[in-house]
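Q: Chains as they are written, first to last, in my numbering: chain B, 1 to 83; chain L, 1 to 442.
Since the hints were made in silico from the structure, they are not lab data. You may find that some hints are simply not true.
Calculated lysine-lysine pairs in the DSSO-like style (CA-CA distance at most 27 Å, straight line) [what the hints assert, rightly or not]:
| hint | chain 1 | residue 1 | chain 2 | residue 2 |
| --- | --- | --- | --- | --- |
| 1 | B | 35 | L | 331 |
| 2 | B | 35 | L | 248 |
| 3 | L | 343 | B | 35 |
In silico contact screen, one side only, chain L against chain B (beta carbon under 8 Å); selected entries [what the hints assert, rightly or not]:
| hint | residue |
| --- | --- |
| 4 | 21 |
| 5 | 105 |
| 6 | 331 |
Please read all numbers here as calculations on a predicted model, not as lab measurements. Note that the Cβ used here is the ideal one computed from N, Cα and C, for glycine as well.
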Amino acid sequence: MKMNWMTFLRPAPIGDVAEGSFVVVHPLDDVLEEKVDTTTLGLMPMTTSVRFSLMVLRGYLIVMMLLVLYHVMDLAGAFGHAR
Amino acid sequence: MQEKDLFVSIAGEAATQPVRGRVVRSKWLYRVMTFLVVFGPGLIVMEADNDAGAVSTYVQTGAQYGTRLLWVLLLLLPVTYFIQEMVVRLGIATGKGHAAMIYQRFGRWWGMFSLIDLQLVNFLTLVTEFAAISLALSHMNIAPMVGVPLAAVGLTVMVLSGSYRRWERVTVFLCLLDLAWVALALKVRPSFGQIFHDSFVPGIPAGGLTANLVFLIVATVGTTIAPWQLFFQQSCIADKRLRFADVKWAQLDTFLGAVFTITVAACMMLAGNAARVHGIVFSDPAQMANDLHLFSGEAVRSGILLLMINAAVLGTTAISLSSAWAYGEVKGWPHSLDMPIRKAPGFYLSYVACVGLAAAIVLIPRAPLQLIILGVQVLAGIMLPSAIIFLQLLLNDKEMLGEQFVNKRWNNWVNWTIITVLFILSLILAAQVAAPNLFPAS
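The following block holds chain L by itself, in its conformation from the complex:
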């Protein structure tokens, strides 16, 4: 069957034909362009996960252990891909979001639990995003009282245009801006031999298995794979109306997104390593940027501060959307970025409420931000393995998905291995919360 014929069959018998498209003569060009129109959700879901919390975790890891934990990031590349790839198949097959699926197939209790947990973790995460924006702005001599509300307004305007495509283009552009981390990493002159060795030869840093090391490894895993990503990508795919024929392109989009985000994360670790090499001690990335500019120049300082803001903006739009989509799905409201405000008021109101309230909390003097950050890390760590179990069960649901989209035997082996490891990490995190002196302090 020619690809043109395939396209016509997608159109179905009831409908006639799509109204707009590009006619091309080359099959190669057709494939490239088809990938480009499908491209977006995979890159966005991956790179938005390199949010403010991730910047902080990765630079902190680099500052404490240099490049010694790069192998953890490399291991996380296939893990994050395999998890999100399941979401791609589920989203394309059903055309519905993750929250709706859990509600329909596992009942009200699990549906409500997943939704409430997601909303809670997402909201706390949003507060940390705005806290990072506030911090970076104050280091740039911009008053947070002015900058934070402006950022909230900008984030709101991003989605209110009633055009999915416009939002996607802006967000993909913001994702690509993160390539500047690669330039920053090169500017601090890393040792490529060391990077290669530490990426491919797993090892524990000198000092052994301390509480701090365990926490940073768990935090790195928890930062790279987050529960909201499952909900976001499935809803995003449903909103973009990806078709059955788009599965392979959406998988490629997700894989490239995973490579992109792990590369950027590694560059953040290299920036942290540069601070370690120069003996800089810092409590947050903004302070690191300030101190690092003595050795690496003003460009590095400004670059890190702007990239912190970019990371927080990306995280905020994606996380707020995952909340708004999930709420809209469960409530049965219209929920699409391609709808004008008057047709999906509840969906847009949820988004604006998430952004506005999180921004407002950050502006409250002496808000307990450290407690909020701790809560985010722990709740996300607890929620993730159970969220993936539901994903795994849904992907084995032959009654719903049929043979074409269910997991193959090898998928199940890989995924159950990932779930087991994540559960062990979740239990370690739980043990650390319950008994903080479980591992040696140093």
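Chain B on its own, in the form it takes in the complex:
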């Protein structure tokens, strides 16, 4: 079957689809699909070890952010001895 690229870019209205034919629909032209409903789930249930690991991660990230902030301010000469 001969296809023209520009024709492909301009999809046509779908009429009756003959037997043995296939329909290509752009996702934005398709009807809305029902997705996983996440709004009613609430927070993720976690084991104690996962919860503890996330607490450690939180502490690590806070310390690292403060460290970076100190380093950048030091480089900027905020403490009076710019490198």
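Since chain B is already given, all that's left is putting chain L on it; use the hints.
A: Positioned in the frame of chain B, the structure of chain L alone reads:
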């Protein structure tokens, strides 16, 4: 079940049928065309990561170590694919962005932390993109005071049309322009035997494990895998409304994007290697382009400068969108490129604010750009492993995703290995910040 029937079932019982589409008779053609309509987010997220900072890092790596670190790039191909592939499944299953997911499943603290960190790193990165545009323009004898605002206006017009498809086509075209890096790499006559050897035989360059080498390896990893990519691709997939049946095509899109971006990154390293071979010492890619033209011609000079601008434009549109989508998701605002401005004013305003403020900062005389670049690298390096941990936890959330979309056992093995390596690199980066003399200087 015939694929036509599958399509009808996607349409669901409540709705009747899609209004527009292409009817084809060949199953092969159907598959090719279905891939083409799904294609986009994977290529864009990967290639936009070859932004201005990446150009600088890759050419610098090539200039200092030649082709010796090509194996690092090759290793990063599966790493970057496996991370983004998880985002594909999560985005298609939920139809929501990454920021919304973290907020809903991990609570307000982590939601706000992720959002603020993302916005901060993204904004600093945007400043570096405009700094690169300004630098390249000045080497082309175009005043940054004129060129930078014009670039900001162009970047704004790109998204304001209210059509996702129009934005995607323009952006995919810009991504494909990066193929010119391959032509540039060929023009500087690389040694294919050496490239093959250094890609497949890992090794440390002569001089051993120095502070500079460690920094460049960490920078290469941090440049190839960035936190904003997780947020961008999931939101992009949600905005494009990819369907359950599109998962395999979106995975293929992501894989081809990964191959494309690693190939382009390798070509950038080869350009840097050419400068090394000719004994050119440079501080940025624009200066390298200027000096390299004595040996490789004016086409190489202009090509590198234009590709620098293209890289920065791609990076800017993708990063600004990841910020705008994430902010819109958390605030509950309408946030779609397929909406006109009047229906999603907050979303478009966020995008325009990101672009406009970053452009304005670059035009301030004596702005501390080196400090900003350092901040971007370090913050992104710190944020990435923790962002991937949340992704990994979400992909093991059977309550939310069910059996179809959760990680398989082998996915978890691969991903935890990647997270461990990234954490080690993040700790090395942290150690280097805390103790700059940890590794020998040379």
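Q: Grab the minimum C-beta distance from residue 331 of chain L to chain B and call the hint holds if it beats 8 Å, violated otherwise.
A: violated (15 Å)
Q: Regarding the pair residue 343 of chain L and residue 35 of chain B, is the alpha-carbon distance no greater than 27 Å?
A: holds (23 Å)
Q: Answer holds if the nearest beta-carbon of chain B is closer than 8 Å to that of residue 21 of chain L; otherwise answer violated.
A: With Cβ-Cβ at 4 Å, under 8 Å, it holds.
Q: Sort out whether residue 248 of chain L lies within 27 Å of residue 35 of chain B, counting only the CA atoms.
A: holds (17 Å)
Q: Does the structure keep residue 35 of chain B and residue 331 of chain L at a Cα separation of 27 Å or less?
A: Distance ~20 Å between residue 35 of chain B and residue 331 of chain L Cα, so the pair holds.
Q: Would you settle whether the hint for residue 105 of chain L is holds or violated, based on the nearest Cβ-Cβ distance to chain B being less than 8 Å?
A: Interface hint status for residue 105 of chain L: holds (4 Å vs cutoff 8 Å).
The structure shown violates just one earlier hint, number 6.
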